[in-house]
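> The residues making up each chain are set out below.
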Amino acid sequence: MAVITGQQPNLQEAKGWRRTKNRIATVLMVVAFVLVVIPLVFVLITVVARGIKIISWQFFTAPIPPSPSPADVGGIGPAILGTFLIVGLATLMAVPLGVLGAIYLNEYGGKGPLARLIGFMADVMTGVPSIVMGLFIFSIWVLHFQFSGFAGALALGCLMLPVVIRSTDEMLKLVPNPLREGSYALGATKARVTITVVLPAAIGGIVSGALLAIARAAGETAPLLFTILTVTSANPNPFSGPNTSIPSQIFANATSPFTGAQDRAWGAALTLVVIAFLFMIAARIVTARFTRYSR
Amino acid sequence: MTQQAGPPGTAGPARPLSQRRPFGDRTFQLITLGAGLLVLVILVLIAVTTTQQAAPWFSAEGWGIFGKTWNPATNQFGALAFIYGTAITSAIAVIMAVPVSVGIALLLTEVVPYRWARPIVYVIDLLAVVPSVVWGLWGILVFAPWIAKIYAHIASAVAGIPVLDDLFGSPTSGASFFTAGIILAFMITPIVTSLSREVIATVPAIDKEGAYALGATRLEMIQGAVWPHSKGGIVGAVLLGLGRAMGETIAAALVIGSSATITSHLFAPGDSMPAVIANQFGEASGTFRAALIGLGVLLFAFTIIINVIARAIVGRSAEQGSA
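These protein sequence lines map, in sequence, to chains S and X.
Numbering of the first sequence is given in the numbering used here, commencing with residue 54 and proceeding in unit increments.
Numbering of the second sequence is given in the numbering used here, commencing with residue 45 and proceeding in unit increments.
Treat the hints loosely; a few may be bogus.
[Said to hold, decoys possible] Sample of chain S residues lacking proximity to chain X, with all beta carbon distances greater than 10 Å (derived):
| hint | residue |
| --- | --- |
| 1 | Pro166 |
| 2 | Ala268 |
| 3 | Ala335 |
[What the hints assert, rightly or not] Simulated crosslink set (DSSO-like; lysine-lysine; CA at most 30 Å straight-line):
| hint | chain 1 | residue 1 | chain 2 | residue 2 |
| --- | --- | --- | --- | --- |
| 4 | S | Lys226 | X | Lys275 |
| 5 | S | Lys68 | X | Lys275 |
| 6 | S | Lys164 | S | Lys226 |
| 7 | X | Lys193 | S | Lys106 |
| 8 | X | Lys275 | S | Lys164 |
| 9 | X | Lys275 | S | Lys74 |
No lab work stands behind these hints, which were simulated from the structure alone.
The structure displayed is predicted, hence computed values, not measured ones.
C-beta: ideal position from N, C-alpha, C; glycine also.
Please model the complete structure; the sequences and the hints are all you need to start from.
Spelled out as structure tokens, the structure:
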């Protein structure tokens, strides 16, 4: 990238009040950025400083103790297990379906009215509040079956689906048409072209988008409240019985009057933030190394 | 050219290869269509199933769903206080987040060189990836106790002044409408910033260069070339941010104070629609539960309307930009 300096080759530098106003505007823009950095830094410092004190191997594996227990007793093992099971199941459902949906939008639907409607509604669906997804799965699944990790995964999957569709759609759009035309010319069917040529060409961006969706889903609490029914015991079977997750435990502990429970909440918050960041960094690495076509 | 490749007897140009549709190919198309339709199916199912579950509330209360009193003990479920809380907190969030977001978007697109823009975008992305519940935890244990002191100072400063006293008087603790609004503002800044940036990026370079060529300063260029071109899209971005703020649950549930009151005092504890669902659903059954699900239906309706309008505006302005 060429270096674009902020200075414009003005024949006559603006003077006086005009120049001052321009300076003020620039300073205000920088101030806007600083205003965002301050709370972010404060949150991250607090989470790291208060979380690091409690984190140990035992914290990641030990069972969740009763709230009044001091900070050095127990951990959040069941919550970590629950988060991996629930987010894993949600990913298994949402990513393949989202990629297929995006393939329809980009390869089959084209500019047709149905594809445009689906694309538009996918955008709208990203704005559906996560708590509504929780109520939806509660109404359609939990009332008929029971609380389970799978119900939580359904709710998270519903949140991830439109995100994956949108990010995949963007990536498929970037695949150059001559690639498709080349394989059609060799006699390949559309399905074969899509699976063996278009998807591999866009795979970096698709994986990166999916990783970002996972990072977001891992931090969601609201859709899990009425689908997994936060418990404190470990439940390795996501298809039966109530479960728990890291964000659910933080929510439960945040309002607790006991400092031990609050400390565990900070430790869990640090764990959650680190997990989300790792997925975000992974997405960046995939983007940097495996993306062939970008904007 | 393509005619040669086709089986003999098939008429028409450019058809043969694509018309040779083996079973697997058509199945694949149907599977992708099904996955795409899933979006529409889920949206319809959300509306239908939640409305069904909320029906007892709608039929029991009628227009009373918009009543002022929410008291599960006496079976009174008027949602006005929560609608009010949602409106107030998301308004505060939007008023604070929008100038900041648009400022950062302008900084990224018009001021800083490319190699600085990337780290700034990383920081904004970091902000987006901090989970709601972590904002809530920090909000209730760190931020609220700290800002409570500032509320107290402001309240004593405005005591007795007519309008200001009604707005900023009598704070009780740090958990309040205003605290929730601030936390929501942090949370919607990333999406408003990135959408505004997308919109601003579609301003034709020719317009900007033209403004500079006429001797405009950067600010004058932004006013004359960037703003007229992108104000529609920015309105859309703001609406999307508003939709996010309205639906944001966990952070609001932790810092809003959980009190079903309608008051002009911004520093007083209140409650919002998603927050009350999250906080009270566990102990609810019967009409109580139906009412909470009904709040979800209202929230779904509000956010869908806002999102449809916003997406239509953003989509149109993006098309204008690329055309």
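> Each of the hints needs a verdict: does it hold here or not?
Results of checking the hints against the structure:
No beta-carbon of chain X comes within 10 Å of the beta-carbon of Pro166 (chain S); the shortest separation is about 13 Å. A Cβ of chain X approaches the Cβ of Ala268 (chain S) within 10 Å, the least distance being about 6 Å, so the stated non-interface status is violated. The non-interface label for Ala335 (chain S) is consistent with chain X: the shortest C-beta to C-beta separation is roughly 12 Å, beyond 10 Å. Restraint check for Lys226 (chain S) and Lys275 (chain X): satisfied, since their Cα atoms lie roughly 27 Å apart, inside the 30 Å limit.
Distance hint between Lys68 (chain S) and Lys275 (chain X) is fulfilled; the C-alpha atoms sit about 28 Å from each other, no more than 30 Å. Restraint check for Lys164 (chain S) and Lys226 (chain S): satisfied, since their Cα atoms lie roughly 12 Å apart, inside the 30 Å limit. Taking the CA atoms of Lys193 (chain X) and Lys106 (chain S), the gap is about 28 Å. The hint holds against a cut of 30 Å. Of the supplied pair hints, the one linking Lys275 (chain X) and Lys164 (chain S) holds, its CA atoms being roughly 27 Å apart against a limit of 30 Å.
Distance hint between Lys275 (chain X) and Lys74 (chain S) is fulfilled; the C-alpha atoms sit about 21 Å from each other, no more than 30 Å.
Checked against the numbered hints given earlier, the structure breaks only hint 2 and satisfies all the rest.
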